[in-house]
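Residue numbers (this note's numbering), protein chains in the order written: chain E, 4 to 284; chain F, 219 to 479.
There are no misleading hints in this set.
Here are the simulated DSS-like cross-link-like pairs (lysine-lysine), alpha carbons at most 25 Å apart as the crow flies: (1) K315/F with K275/E; (2) K169/E with K476/F; (3) K315/F with K401/F; (4) K276/E with K318/F; (5) K283/F with K446/F; (6) K169/E with K276/E; (7) K169/E with K275/E; (8) K446/F with K280/F; (9) K318/F with K401/F; (10) K13/E with K401/F; (11) K275/E with K318/F; (12) K276/E with K315/F.
Quick caveat, the hints were computed from the structure, so don't treat them as lab data.
Remember, predicted model here, so these are calculated numbers, not experimental data.
Listed below are the residues making up each chain.
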Amino acid sequence: MMEATYIKRKKDGRIHLKSGNRGDRVIGWTVISLAVLTVVAFLFFNYAGLELGSALKETAYNLKVMFLEPTLNHFSLEEALYQVGITLSLAFLATIIGAIVAFFLSLLAATNLAPVWVSRIVRIFVAIIRAVPTVLWVLIFAIAAGLGSEAAVLGMLFHSIAYLVKAFSEAFEEVDNGIFEALRSTGANWWHIVRSGVLPSTFTYLLSWVFLRFEINFGVAVAMGAAAGAGGIGFELFMASGFYFDLREVGFITYAILIIALLLEVISTRLKKRYFPTTSD
Amino acid sequence: MNEKAMRKHRWQSGIFLLIILVLTYLSSAITKFNFVEGMATIPEAIGWIFSNLMVTQESLDKLPKILEKLAETIFMSIAATTTAAIVSLFLGVFGSKTTKVNNFLSIFARFVASVSRNIPVVAWSLILLISFGQNSVTGFLALFAGTVGFLTRAFIESIDEASQSSVEALTATGATYFQVVSKAVIPQCLPQMVSWVLFMVETNIRNATLVGILTGTGIGYTFDMYYKLLNYNAVALVTLCIVITVIIVDLISNHVRKVIL
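Using the sequences provided together with the hints, build the complete structure.
As structure tokens, this is what we get:
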């Protein structure tokens, strides 16, 4: 006969239908506290000069003008393409340089390739870098290194490195330990192991992470153009909306950004399906 | 791998490397980026950061004001994320293959998510700034628009991954669509969804700085103001406050994630 399992009962003998575990409780508390904070936030907002009704109506009208009548008034189509090219180039440079730096840093961050204390130091360093928003890095570099593409690329570089170090080091840690043992038994040193063991088995994986970061960096580069004067299509967007108040031009630029972003997304979704079939991120 | 395949492999890597080099050269030419000069400025910049970006007593006097703006930013990000999560929940349920009502709604949900995600937050804030003016609502809506797109995609993926069997079991008992969604789909995906929401709160606090610079609200505006006044000590303090906030939020959400997943 099967031993009766312990069943939690209420005082009157009825069975508890929801036993509840720690996970469920934490989820409950998280949802409740987020809800409370949201309500507080709406009370706390600074509503200075806001007339919701007219603002909504105006936005609807603006969106209609932007998306249905996009034209270019202050520069030509070639100029627009050139500016998109600048934004793409900034993103590309930050991604490529970031990938190279991140590759070496992540060798030091992977626990199976570096001593524990080294990997811990690298990880803390990366966490601090990540905590400073990209726009602040760019602005700080703009004063320290002077305005120009250098400041933008260097500022964007920091977050690219932080992101890729995390991804790369996790990929390295998943390399089969047998490969290390086999190589070590042949007398291979650390660099040999990296070059002929780790790199070949993770290379395509690393490349798709680099591409995913490129997709993110395109959005970042647009943002840096608008907020930090880094040039490119983002800056034109800022000028069109903030100085010329030209809704049709804003619409055109938004379309241009949207098309590039959609293209990049399609490619990266394919890459994800091919190389990360199990994970969604 | 035979010799021929190896040679082909080497040939392919060579071409790939060449393409990367050409693209790098082209990008440097277009943006007038000087690699050597750029790298040379790093030590200089770090030196500058350590000599100028220091929190002083004088800048500490501004702390209450900064903290007030920081609180505004945090609340704005949380509010934007949770309201976006509610909208995304519906879009996610309609958009997912498992729980879609009909094809039209599914495609519509995916289309809305894709557009709102791929128009950068900057563009949203600049578009909204024109009619909403300089206040928290502009920043809130800009973050909201971007978050809806991202969370809808994440929710659709979580719902698609969740097991079909409980949905089938409930359908077999004659449960209505609403019952299937609320009793089978949502409880299964809830931990993942909460985890995505926490991730977005963290991302939005960082994005709120950017949005703040553009729309003149929150901590971003404070940073921009001191930056333009060349008051670098205050800039350092603002940056420090943001860093501490992001790290704390990161730690909390990592802890919660560890328990619930």
